[in-house]
Each structure stands twice: as structure tokens, then as C-alpha cells.
Amino acid sequence: MADKKKRVTPYAVVCIVLLIALAIFFIFPLYWIVTGSVKEKSDIIIKAGEAIKWFPTTISWDNFARLFKTQTDFIVKMPLAIRWLFNSVFISVISMLLTCITASLAGYALAKKRFWGRNFIFSLFVCAMALPKQVILVPLLSEMNVLGMTQTTWGSLFAVIFPIVGWPFGVFMMKQFSESIPNEILEAARIDGAGELRTFFNVAFPLIKPGFGALAIFTFVNSWNEYPLQLVMLTSSEAKTIALGIAGLQSEMSNDFGLIMAGAALAAVPIIIVFLCFQKYFTQGITMGAVKG
Amino acid sequence: MGKTKGSKRSLVLQRRETVVSYLFLLPALFFFVGFVITPMVMGILTSFTDASLANGNQGTFIGLGNYARLFKDPVFWKSAWNTVVIVVVAVPTVTAFSLWVGSAIYKMRSGARSFFRCVFYLPVVTGSVAVVVVWKWMFDKYDGLFNYIINAFGGKGLAWTGDAKLALWCIILILFTTSIGQPIVLYVAALGNVDQSLVEAAQVDGATKLQVFWKIKWPQIMPTTLYVAVITTINSFQCFALIQLLTSGGPNYSTSTIMYYLYEIAFRTTKEFGYADAMGVILAIVIALFSALQFKVMNGGTTE
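Protein chains in written order, with the working numbering: chain H, 1 to 293; chain R, 1001 to 1304.
Isolated chain R, as found in the complex (with noise of 0.2 Å):
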């Protein structure tokens, strides 16, 4: 009698607990719901259809016409491939260098630890449109400093953005000094939380500093290895305001990715809504993706 009572008061409990989590929960369910996963839905459902300005959104149902038009063009493709170059470039010389300077200060006294922590931080601080802008002139062909230093020496100044060969290098260049701030950060912290008996008891043993990395520190970072690859990898992926502000997209779509296609599309050229949206879903799925690989590659990795 007196058990039965208890649980019915204990069900009580838990469904007033289920409501007042709710009420705790609503405000920031109300934001996610409204303006994260609303637009995501929509934006699916728009890609199979051929809203666009000219018929005031109002697009009809087209199935997968969107995605097969994908399949055929040529500006895709090519941003596409881009898209490729910047991760793949991007992604394991941000990792590799952003642990290289992690290690080579995270030993350092606190002072020039934070020094240069900030450093490195800085161009993410200083956000991507002023940093866009002192690029663009460092490039310039007459007032670059650039194209100065070259002269100094004898060389011929080059037209760095506006050369097809050499405007996504750039990009990337950039990305790349905007990009490590973060994973240093996460690695100088990493580094600090290895385990340090088990690096002394392989001291001890015998173990060069090159076997104490491989064999004892570098298993123990390796979640945050893959967290700072996933991380970059969103962030490559996803690299936009770079390559709107430096080039357009330009020369001849040499520096256009799925991301720059997709805003073009949706606002500057036919503003083909259902279009964009249809690349936008192919690039979270490629995205997905990618995460998911590298997930699996590093987990695969360790012996654990």
C-alpha cells in the first residue's frame, strides 16, 4: 500500500520535474526552433522546388530537377573542386601547425604563453572583413607591399588575386591565418592535461622526446585532434566572406566555392532560390560527411 503510493508520488515528481525542465528549456528552444531548424526545413523543402525572385518565391514542386541541374554545371563543378583544394590543403596544415606552436608554448611561462596564444588569436578577433581589406592591399598591384618586396629584389610584381593560378592560394593563405588562433588555444590546453607520470615513468625509461610524443602525448590529444579537424574542416568548408570580399569568386570562377555559388545564386545573379538551396544541402551532407570520415579515420586510428 504504502510502496504503490510512493511511486504514483514519485511519477508526480517526475512529470512536475518534465514540466519545469520545459519551462527552463522554452526560451532557448523557442530561438533553436524558430531560427536554426525552421529555416532548415524550409530550406530542404524549397530545394525541390523552383522558387525564385521572379516568381516571388512562390516555386512549384520540381522533385530533384534542382539537384540534377547540379549534376551539369560546370560552375558547380569547378567551385566544387575548389571547395576540395581548400579543405584538403587547409585542414592538415592547420592541424599540423596549430599543434606544432601548441607545443612549442604550452612549456612556456605563463606570460609569453598568453602572448602568444593572443597572437595567433588575434586575426579571428579582428574579424574577416578587416582583415579581408589589409590583405587586399598588401596584394595590390601598385601600392602592395607585396609586389613591393619582390621589386626590392628584382623579381617582377604579380597580380596575386587577379591571377587565376594564384587567387586561390591566397584565399587559403588567409584562411589559414584566421584559422589557427582556435585549435592552439585547444591544443595548449590539451598539451597541459597529458598526464605527466607517464611521461616522467618513459623518461625514466629511456624514451627520446620523440618517442614520449608519439607513444604517450599524442594518443592523449587525440580527441582534441579530431574535434580541431572537424572544427576546421566546418570552417573551410564554409569559407565565404574571404572570397567575397578578395575576389568575387574571380578571375573566371577560379576562386568560387559551393559557398560563394550558393550566395550568388540566391543574390546576385538569377537569385534561383530553390537552386541554392539544393547546393546548400549538398553541402551539409558533404560536410556530414567529412566529419563522419574523420571520425571514423582517427578513432581508427588509436588502439582503443
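Bound conformation, chain H alone (with noise of 0.2 Å):
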């Protein structure tokens, strides 16, 4: 206790070095994934006796070029897997577009309007929100197919974002950020004449914008990454998106570890650039979908 200033107690050394310890541990699948897209087939295969190449000896863009190889048309002529990443682009982007439209509306009213029905319809939302997602995959995909949408490539990729905007995860969000507009700012808006429309956009919305942004972020990675809806309903080559592609060419050829991992690549980077950049937004949208108190 000399020093008491820095106090390092053995505790906090071992805290810290495990911490790192488990950073690599959980880093090292993507570090992989990367490197495993790029590395040369002799490079993949592990020979008796020798060592295992934890870089890449060459760079090599040979499982991409191989990734591409089949092509479609859309719009232009492109390789599959550009179209496959266009799907996923597509269904995050527009669930993403509607969930906050829908539900920042839903939330405003939720949180700010005293009407007939409020209470029963906010708690039908919680219930919802805590039973589990997968288990109307069955007869989802029948009311797709009585619906029709599971006929064209497009409808089958609305089939896929409409369940993703009713789950009400988002309405839940919004109504807790909602909470903290005042009540002053939206009475005061009312005696200066301003319409029901216009105190949502010009006084209410700016208060929320914060949690729009957290709830824009957080439903575009999980779109990108809700596996079971698309794997159901995505059947045809040209409907898939880039995570249902891999999963495809995993079944098919299995020990094609180069090719996989450029498409686990294809996959992985994009979304993963999409997070750092809005990292801020998604730890606060986390942290208001929980229930306080």
C-alpha cells in the first residue's frame, strides 16, 4: 500500500489479461474469416507435419473470382452473389424505412395520447414482443402463400420485411424515448394552432431523433441477420440473400473452405462497417429496448 495512487491488485491483472485473452478468442473467427478468403488453396488444407498458416503465405483473390463465376441478370448482367448481397441491402433497407415510420407514430401516440383501448394495445405489443419470433414461421409462410407472395422474387422479399416491421420491438423503443418530450413543448404547440401532423414533425420528432437514429441502426443489422424468416421464404436462387447464398454453397460443397469464407467475407464486412460506424446509436438503442425499473 505503498503507492496508493495506483493501487494494481493481482485481481485487476488477472481481469485485464483474461479480458484480452477472450478479445482475441472472440476476434479470431472474423480475423479467419478474412484471412481465409484471401489465403491460396495449399494454404487452407493442413499437411501432416507441417505447420498451419496463420497468415496468408499469398494474397490470393482466387475463391472471390470463383464466388462470382455464376452469373444472372438484374438490371445488368452480375455475378449471383452481387445480386444475393442486393436482396440483403434491400430487405435491411426497407424493413429499416418502415419500422421507423411505423413505429415512431405508434410510439408517440402510445406515450403522449390518453385514449380508449390504450392500455389493451400496449400490452398485446409487450406480450407479443416476449414470445418468441420463430415459432410462426409455419403459418407465416402459409399466410404468404394464400397472400401470393411467395410466387415472385419480390414478393417473396416483402415476405420476409413485412413480418420484420410488425414485430414490436421498434413500437416499444419509441414509446420509451417518446416518454421524454414534454408535455409543455406539445400543449404549447397546440394553443399556437398547430395540427395533430405537424406537432409529430416539427416538435415532437426533433426530441426523438436520437432514438430513430438507434432504432434505424439496430433493425437494419437484425434484418441483415434474421436467418429463419429468409430461409423459409427465399427459395429461389435469384431471392436469397448473401447469408442464405453461403449457407447454400456450405451444403453444397462443404470442404471448399476458400470459397465459403469469401462469401462469410461478402457477408460479415459490410454489416460490421455499418455497425462501427453508427456503434454510438446501437448501444443506446439496446439499452432503451430494456425494461426499466
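Since the hints were derived computationally from the structure, they do not count as laboratory data.
Each residue gets a CB set at the ideal place from its N, CA and C atoms; glycine is no exception.
Careful, some of the hints might be misleading.
Claimed, not checked - If you want the footprint, here are the derived chain R segments under chain H, 3+ residues with CB under 8 Å:
| hint | segment |
| --- | --- |
| 1 | 1074-1088 |
| 2 | 1125-1134 |
| 3 | 1184-1192 |
| 4 | 1282-1295 |
Claimed, not checked - The list that follows gives simulated cross-link-like pairs (lysine-lysine, BS3-like), each with its CA atoms no further than 30 Å apart:
| hint | chain 1 | residue 1 | chain 2 | residue 2 |
| --- | --- | --- | --- | --- |
| 5 | H | K47 | H | K69 |
| 6 | H | K280 | R | K1107 |
| 7 | R | K1141 | H | K69 |
| 8 | H | K280 | R | K1217 |
Can you join these two chains into the complex? Each is in its own frame, and there are hints to help.
This is how it looks when you write it as C-alpha cells:
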């Protein structure tokens, strides 16, 4: 206890060492995807008595070339894998936009308005949120079949989007954010003669903007990775997302690790970049979604 | 006179507010009722029929037939057992572990804190498919990293996901890496909100670090712990992508869960939708019961 200011306890040292070891363990799979995607076949195969290649000996784009070999016609002639990437982006962007619009309107009404049936609707949202999303997969597919949405490529993409938008988490989160709008401001706007929509867009919306950002990035990442729904709805090769595409590659050629890693890199890297750019909002979204108190 | 006029006016206003509120809610309700509530109701109704692909999804009412069949289906019981193992192992591990990481990093400088938070969140963002394919490679019998390391130390390589005894643990390990990100973020936020004046008061009174944690911080982060436990429970019950991509429920159903078996029945093998929906209903009930139980146990734990 000679140095009181800088007390480095053995526990703190153990903590930091363990944390760093774990961080490496958590980053490693990603490292293995990215390096694996540019490794030559000879670097991937482990030969008896030889050391494993921790780094690629030469950077080879051969895996990507093979990944992009299958072509498709969509606007212009393009590799099928790029079409898959487009589908992933399309699903994520449209889900994000629709969720943000519907959830912020509904969350605002639930937080700031008193109306008949309010408690009932809110409890319905909360109960549905606690139930597992995946148990409705089977009836959801029947419903989409009845609506004829699974017959076309675009229809099936929307068959993935609609249930994501319907999921009540966004409404719940925006309600939490909207609670913080001061009633006095809304009252003042009303006295000044602003209509309901104007009050929402000009007065309430600027105040819940951070929540809007959080919900947007949260929905984007979650819909990108919403695998079970994609698996059930998107059956044609044109309609696949990049995640489904790699899953397909893996079941067809399970030992071509280089090719599969190239696909995995194509799926993971864009979403990780998006996540890193909007990380701040993301953290906010997770904490705001949690039930308080 | 003026009073009645006033209340009449407020009634009109109230009615107007209700109409306006529903207009605001309308878009959200459209998607929610159309694509969440409707399939839920459809699922419950179909679970009482023998609908399947063979009869064109036009089932006839068979009462509790599907449920009775479930109780006699050995694969269902095996899947239920695996599901319970996953939940019982994953929930306490994830909760305890994320609490440990959370308390280790929440006092760090903001740069270091964001770095660790990011790193542990990475597998969630990467997405289950990309995560699983790389793990599958690392678990590979011949070109996998794990067997290489075992061999390098003179051991004998394992079959990992091909081994009925080991496969479920491989799944739980991956599930663990994809589950702790969100709880850590929640714990860092919760620990940051702990009332510092109480902590300082206790330290002045000579409380040890451990005492400060259990007597002051633990009760205050209880709501977060409860929330973490509930979401981890729901996630573990739903664990599906990992299983479908890594083992397809095998070998010999040793990694099949209720969710996976449901998928297999509905889309892979017999395509009996009614039977699959009955499983879905059971799964939903079990999850609801587990969550309720956690609420009860943990709320009983605090002395408030």
C-alpha cells in the first residue's frame, strides 16, 4: 500500500489478462474468415507435420473469382453473389424505413396520448414481444402462400420484410423515447394552433431523433441477420440473401473452405462496417429497449 | 349550464384524441396484426388439425391429437431434453459472464470500454451464418484449427460436431459467443447508473469491494439481470440457425432442439404443418412459463 494512487491489485491484473485473451478469442473467427477468403488452397489444407498457415502466404483473389463466377441477369449482367448482396441490402433498408416510420408514429401515440384501448394495445405489443418470433414461421409461410407473395422474387422479399416491420420491439422502443418529450411543449404547439401531424413532425420528431437513429441501425443489423425467416421465405436462387447464399454454398461444397470464407466475408464485412460507423446509436438502442425499473 | 357544456366539449375532444391516436397507430397495427397476430392465431388453430403438404394444408379438426402424439414421440422428448440442456447451461453462464465483463470494463476509459464492448458484440453483428461457417471450418476433422492444436500437443483429433456426445457442447459454445454481446452493453449501462453516493458511503464505512458489490450494486442492477436472463432464455430456446447449419440436428438427433425439430417436420421430412404448429404452441407456452418463473424467483430474491 505504499503507492496509494496506483493500486494495481493482482485481481485487476488477472482481469485485464483474461479480458484480452477473450477479446482475441472473439475476434479470431472474424480474422479467420477474412484471411481464409484470400488464402490459396495450399494454405488452407493442413498437411501432416507442417505448421498451420496463420497468415496467408500470398494474397489470392481466386476464391472471390470463383464466388462471382455464376452470373445472373438483373438490370445488367452481374454475378449472382452481388444480387444476393443487393437482396440483403434491400431487405434491411426497406425494413428499416418502414419500421422507423410505423414505430415512431405508434410509439408517440402510446406515450403521449390518452385514448380508449391504449392499455390493451400496449399490453398486446409487450406480450407478443416476449413470445418467440420463430414459432410463427410455419403459419407465416402458409399466410404468405395464401397472399401469393411467395410466387415472385419481389413478393418473397416483402414476405421477409413485413413480419420484421410488424415485430413490436420498435414500437416499444420508440414509446420509451417518446416518454421524454415534455408535455408543455406539445401543449404550447396545440395552443399555437398546430395540427396533430405538424406537432408530430415539427415538435415531437426533433426530440426523438436520437431514438430514431438507434432504432434505424438496430433494425438494419437485425434484418440483415434474420436468418430463419429468410430461409423459409426465399427459395429461388434469385431471391436469396447473401447469408442464405453462403448457407447454400456450404451445403453444396462443404470442403471448399476458401470459397465459403469469401462468401462469409462478403456477408460479414459490410454489416460490420455499418455497425462500427453507427456504434454509438446502437448501444443506445439496446439500453433503451430494456425494460426500466 | 356552462359546466355541462364544458364536459360535452371535453368528451368531443376526447373522442377526437382517440380517433387521432388510432390514425397514428394504424400503420404499425397493420403490420402487427397482419403479420404477427394473424399467424399466431393461425398457428394455434392449425395445431388442432392434421394439415400437411399431402392434403394441401386443408386439415380436418383432430382435437388434441397432435399434442397427444407429441407426448409419445421419442424424438420430441430428445429434442426437448436438448433444449433444456442448452437453456440451463447457457442462461446462467451468459448472465454471470456478461456481468463479470461488464463490471470489469465499465470503469475503464471510454475508448477502452467501447473497444471491449464492440469486440464482444462482433459475433452478433457478423450474423449467425458467417459465424457458423467459420466455426465449422475450425471444428473440421482434417483442416480444422482445433484438431491441429490438439495434434500439435500430441493428442488425438476429435470428431467435434460429428461426435454425438460433443456436438451439443459445440453448439452451446457458439451460442455463448453470439449471446453475450447484448447483456454486456446492458450491464455497462446499468453499472454506470448505480448510485455513487451509496457506494462511497459504504466505502467510508469500511465495506470491502465484495460487500459493496453484493449489498449495493447487485440489488440496483437486479432489473437488468432479470431482463438479461429473460432475453437469453428466449434466445437459447430459439437457437436454430446454429443447429441447422452446423449439425442439422445430428448425429442421431443429439443436437436437435424443439425449434429445430419443428422446422424439420414442417419443411424437411413429413411436412405436417399441424404437428409442427402444435410443437410451436408448446414451445411458446414453455418459454412463457420459464420467463414468468424467472420474474418470480428474481423478484422474490430482492427484499423490496
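Taking the hints in turn, this is what the structure says about them:
no.: 1; hint: 1074-1088; result: violated (count 0)
no.: 2; hint: 1125-1134; result: holds (count 9)
no.: 3; hint: 1184-1192; result: holds (count 3)
no.: 4; hint: 1282-1295; result: holds (count 5)
no.: 5; hint: K47/H - K69/H; result: holds, 29 Å
no.: 6; hint: K280/H - K1107/R; result: holds, 18 Å
no.: 7; hint: K1141/R - K69/H; result: holds, 29 Å
no.: 8; hint: K280/H - K1217/R; result: holds, 25 Å
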